[in-house]
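Chemist: Chains as they are written, first to last, in this note's numbering: chain A, 1 to 113; chain B, 1 to 113.
Honestly, the hints are just simulated from the structure, not real lab data. Among these hints, one or two may not hold up.
[Claimed, not checked] DSS-like, lysine-lysine: derived pairs with alpha carbons at most 25 angstroms apart: (1) B:Lys68 x B:Lys105; (2) A:Lys40 x B:Lys105; (3) B:Lys49 x A:Lys67; (4) A:Lys67 x A:Lys44; (5) A:Lys52 x A:Lys9; (6) A:Lys41 x B:Lys61; (7) A:Lys36 x B:Lys105; (8) A:Lys9 x B:Lys105; (9) B:Lys49 x A:Lys36; (10) A:Lys52 x A:Lys22; (11) A:Lys40 x A:Lys9; (12) A:Lys36 x A:Lys19; (13) A:Lys9 x A:Lys36; (14) A:Lys52 x A:Lys36; (15) A:Lys44 x B:Lys49; (16) A:Lys67 x A:Lys9; (17) A:Lys71 x A:Lys40; (18) A:Lys22 x A:Lys9; (19) A:Lys71 x A:Lys19; (20) A:Lys44 x B:Lys105; (21) A:Lys71 x A:Lys41; (22) B:Lys49 x B:Lys105; (23) A:Lys41 x A:Lys9; (24) A:Lys40 x A:Lys52; (25) A:Lys44 x A:Lys19; (26) B:Lys49 x B:Lys68; (27) B:Lys49 x A:Lys41.
Since the structure is predicted, the reported quantities are computational estimates derived from the model, not experimental observations.
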Amino acid sequence: DTAVSQTPKYLVTQMGNDKSIKCEQNLGHDTMYWYKQDSKKFLKIMFSYNNKELIINETVPNRFSPKSPDKAHLNLHINSLELGDSAVYFCASSQSALNTEAFFGQGTRLTVV
Amino acid sequence: AQSVTQPDIHITVSEGASLELRCNYSYGATPYLFWYVQSPGQGLQLLLKYFSGDTLVQGIKGFEAEFKRSQSSFNLRKPSVHWSDAAEYFCAVGPSGNTPLVFGKGTRLSVIA
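Full structure from sequences and hints, please.
Modeler: This is the structure:
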């Protein structure tokens, strides 16, 4: 039973398209995150939600819009995709926003062509 | 702002040899420190964590790490490396409310026969 699951695992799309990545956690955690991992493996926080409320919004183009319909889900919608959006996107969750480990999904490899 | 430095981008060790991966952190308060491992094409798996107490912490897969406040370090060690340990290793600090889990740039470990 996967703790943090993301769909799809792979996503290939053309520039200009709009796409969504879904994330669900069954751990009962309050906090969820989206991280972007670039081609050099660097992990950068994009967003964090705690109890469905946005608490961290790093410098991310507003083409990226997270949505948390409930505590167990945090989806990422991307408008007008650009070549530079190609990366691996990781969803994660933690029990709280304070001093607890994060559990990661398997990642979604997005390729924009 | 909190930050993590992993000075070694790539390390190669022989199977059976000992391993030490370096991690230095910058954090304003008592740090909460983590080591994660990422196998090719996979998500991140928590190896071990330090919150407080004994400065030598044991993790999964035979790994351990030692917290040294005076050196702002949290180095990861393993006495005998196996070929299956080849992966990317990330040190991380946090999270703390509005500050997310911050990762170092990772160290890629290669294991040779």
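Chemist: Is the Cα-Cα distance between A:Lys52 and A:Lys9 25 angstroms or less?
Modeler: Measuring from Cα to Cα gives roughly 24 angstroms; hence the hint holds.
Chemist: So if I understand the rule, the pair passes when the alpha-carbon distance is 25 angstroms or less; does A:Lys71 with A:Lys40 pass?
Modeler: 31 angstroms, violated
Chemist: Checking one constraint from the list: CA of A:Lys41 to CA of B:Lys61, max 25 angstroms. Satisfied?
Modeler: Cα-Cα ~22 angstroms, so holds.
Chemist: Starting from A:Lys22, check that the Cα of A:Lys9 is at most 25 angstroms away, please.
Modeler: Roughly 10 angstroms separates the two Cα atoms, so the pair holds.
Chemist: Taking only the CA atoms, is the gap from B:Lys49 to B:Lys68 under or equal to 25 angstroms?
Modeler: Roughly 14 angstroms between the alpha carbons, so the hint for B:Lys49 and B:Lys68 holds.
Chemist: Is A:Lys41 close enough to A:Lys9, meaning Cα to Cα at most 25 angstroms?
Modeler: 17 angstroms, holds
Chemist: Next pair to validate is A:Lys52 with A:Lys22; report whether the Cα-Cα distance is within 25 angstroms.
Modeler: 15 angstroms, holds
Chemist: Between the alpha carbons of A:Lys52 and A:Lys36, is the straight-line distance 25 angstroms or under?
Modeler: 20 angstroms, holds
Chemist: Quickly compare the C-alpha distance for A:Lys67 and A:Lys44 to 25 angstroms and report which way the hint goes.
Modeler: 19 angstroms, holds
Chemist: Is the hinted pair A:Lys40 and B:Lys105 satisfied, with a Cα-Cα distance of at most 25 angstroms?
Modeler: 8 angstroms, holds
Chemist: With a cut-off of 25 angstroms on the C-alpha distance, tell me whether B:Lys68 and B:Lys105 pass.
Modeler: Since the Cα atoms of B:Lys68 and B:Lys105 sit roughly 20 angstroms apart, the hinted pair holds (cutoff 25 angstroms).
Chemist: Given the proposed pairing of A:Lys9 with B:Lys105, does the C-alpha separation stay at or below 25 angstroms?
Modeler: Holds, at about 23 angstroms.
Hint compliance for this structure: hints 3, 17, 21, 24 are broken, all remaining hints hold.
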